[in-house]
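The primary structure of each chain is shown beneath.
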Amino acid sequence: MRPGKMLREVLKHLFKKPATNMYPAEKLDMPKTYRGKLIFHADKCIGCKLCVRDCPSGAITINKIGEKQFEAVLDLGKCIYCAQCVDSCLKKALEATNDVELAQLDSKKLKVVLGEKSGSSS
Amino acid sequence: MHHSSKFKIPMGPQHPALKEPESFSIALKGEKIMGVDIRLGYNHRGIEKACEERTFVQDVYLIERVCGICSHSHSTAFVQGVEEIAGLIVPPRAQYIRTLIGELERVHSHLLWLGVAGHEIGFDTLLMYTWRDREIVMDILALLSGNRVNYGMNMIGGVRRNVTEEQAQDILKGVKTLEERTKYYIEVATQETTIIKRLSGVGVLKKDDALRLGAVGPTARASGVEYDVRRNDPYAAYAELDFNVITDTNSDVYGRTIVRVKELLESYKMIRQCLKNLPNGPIAVKAPRKIPAGEAISRYEAPRGEDVHYIKSNGGEKPERVKVRAPTLANIQAVKHMLKDRYLADMPIVVAAIDPCFSCTDRLVSVKGNAGKSKKILTWEALRNYSVEWHQVHGIDFTELSYKFRTKMERF
Ligand code: SF4
Ligand code: SF4
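Chains as they are written, first to last, in my numbering: chain A, 54 to 175; chain B, 150 to 561.
Bound-form chain B, shown alone:
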């Protein structure tokens, strides 16, 4: 074996270390990563196209299912866009409730991430305790919306459920416990030697690289980029809330951990403000079934970063085009950069540190011919033949096997 040559190993699309199917092709020299090639597209669900086939009312639920973790982020981004096209003025109470759910969602998402990060570095104790505490916020969400995931809170023109005084008290109680626990986790993260040693200097992304590669959310903020849609382009009730945009200068996985745990404290602050200043009044305005022609771009600071939706209506009941840009797509290029010259063992945690959500990211892939410019859309049959040929060229041939299989099946 000669150590000077590069060795390519494929990781995924199905791999025990990955929670979702995506494919990494890693060029290694010894244990060192020389370069990574990332291929998405194993989770394409055709959601955007499906949106065009359904009415705006139905799309809210479909869009909510782009992601199970940041479902409220996607549905809010979508309804905000539709409301902008239709010129609807959403009542302030609805705006506050949206913000409230949005922040509760961030809390559950960041706690989830903290657990996953602990798991990826073999610190499963952290996983167990953070996930136990996450149950508190899941219960709050269930109390408010009825369900633990896919809350179904948004409708075009407002929200579907009100917050009662009694519920507000329960939320405050839960948030108090959560805040104590989060302070404890901050202590753990800043004092526990194993965490600091394992995460410092891993997955470095310098500030100018973060800007150049278009990183968003906690990934960018941990590299010192002070950018948060909630502050820079406020939506819902954020303009009226008092909060800090958390940044960090560590620029590594450790910095990303610190940003997320500190953001939790900001979220608690915002939840309290939302409940305290909750305006009275209606929670929704009536929306027309037919949305007037027009287009809108809507931005939302999801737990993983900026989420962008584009909606175009032609005046009918169904949108003409819906485009979703999930935060992971913006962050994935940075991962490539972070992994360079690191060891293979750092890969799971570096990937996990952007809090990826690959199925939210997957959109239509158009296959480019070798000629370069010409794009063509392949039919299912053509795509299948293409794949069969590709594998044959690369020495994998199933023709005989599938022939045997077919003749066996025919005998039955």
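Here chain A stands alone, though its shape is the one from the complex:
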């Protein structure tokens, strides 16, 4: 038994760089497999709505906007980022990206029309 067992460890770390990252100044790399905001390839979608049916949180809707043309609307506040819709879609029209910075000050802005690219395309 000895007290102060961790003391050496603590002193050693005085000279090491911090374990935390300086977010947002320093961005973290999300893993490639990350399930973030979705993107939608409108040309592939056939409007079968399997994605809507399997979505656990009712976050995605597919609207018909023209003859054989569909748009996907995602509620970023409702989506749980499980990517089940991506798995369910037989036409590979949906894809998960590693975009994580989705916070909004105005909750209305959380409802977005999905585009081919993530980011500000909403």
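Note that these hints are calculated values from the structure, not bench results. We put the CB at the ideal spot given by N, CA and C, even for glycine. There's no promise every hint is true.
[Said to hold, decoys possible] Computed footprint of chain B on chain A; a stretch qualifies when at least three of its residues, placed anywhere within it, have a C-beta under 8 Å from a C-beta of chain B:
no., region
1, 57-66
2, 85-98
3, 131-143
[As the list claims (entries may be wrong)] Pair ranges (Cβ atoms, derived):
no., chain 1, residue 1, chain 2, residue 2, range
4, B, Arg194, A, Val166, 49 to 57 Å
5, B, Thr326, A, Arg106, 20 to 28 Å
6, B, Glu202, A, Val63, 36 to 44 Å
7, A, Pro77, B, His164, 31 to 39 Å
8, A, Pro77, B, Pro431, 25 to 33 Å
9, A, Leu60, B, Asp186, 40 to 48 Å
10, B, Phe554, A, Lys121, 54 to 62 Å
11, B, Glu202, A, Lys70, 47 to 55 Å
Dock chain B with the ligands against the given chain A, drawing on the hints supplied.
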């Protein structure tokens, strides 16, 4: 003030020492705890009912969110049950990947616990370092599944993501560092005087009490009960793995600490075996949307103990009934016993030592009438009136206040 009489203090549902809302009513004599009354039910989310309203596919994600820490435990327990009803044979590779994620989850959960335990006894240095090291396993989980929590690895019939050779190398590298660190923490736990003195003899649960009160997981194993679902009723790939069931005879919080840190080493062993023997082949079989009628009970050794799921299907796309018994529910009775005759200051660490997860535990509460047998389901309005009356009887009356509030609001 007379010291001979008992004094009752309520702790919670909202209390700085508690991380989740639950209510303890503690009868004290001086500093000594004479008895504890525990009331759960402040976190009820209606998950079981919600499961009945959703399809099996959607339920996997909902069940995963029963707990943020042992999310893989719950989703595996659930899909195992559904697979049993549907008679699906899960490919061996999927079984191994499930086991792999399960053990990684245990590592992160036990490291988390070690930090929390350190924090509860005022040893925040331990908290800082264990949580820093826990980041390694969180990164591994993110690498494999995409996310740090709620990995979304399970689907009915297998797993959703494969493990590549490259990832396996990264995992092995991470596990090596973790193993070194864990060995260091074992050294700290067995040598540091303050830890040993603070935890020894606190929250004692003798072996027969553990059995009588139905304790599970590390709580039971620290009392010398050699029981582990992974060994006693193997699921996934556990039957093919070589590991030890860690027990301890200290029967106190110190013993629970030792069991958990030693279990970490076993987990590393299992992770290595999983990666080494990972069979080739598909990672999932196609599951039908409609699950044939039937019922199943599925058991899983979650980091906190045995997790039991019951699933009943009536042949449709949605389950007829889902029941979740989280390990904390099994352990909570033991806490009552552990606290008796201890000092009030031991309370946070004794409660923390079972690694409680109250929101996972909360299920429907049916209010029994005074007559005893008759159970009735109260409507929201009736429940509200009941609560208002209860408080009025106990001298808390908000009628005037709420009247004032209402008239104020009407003026706007
Ligand atoms: S499942 Fe795919 S193809 Fe069908 S509606 Fe959704 S995005 Fe379109
Ligand atoms: S990621 Fe999950 S929650 Fe989000 S839209 Fe797809 S299925 Fe729904």
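Hint numbers the structure violates, sorted upward? 4, 5, 6, 8
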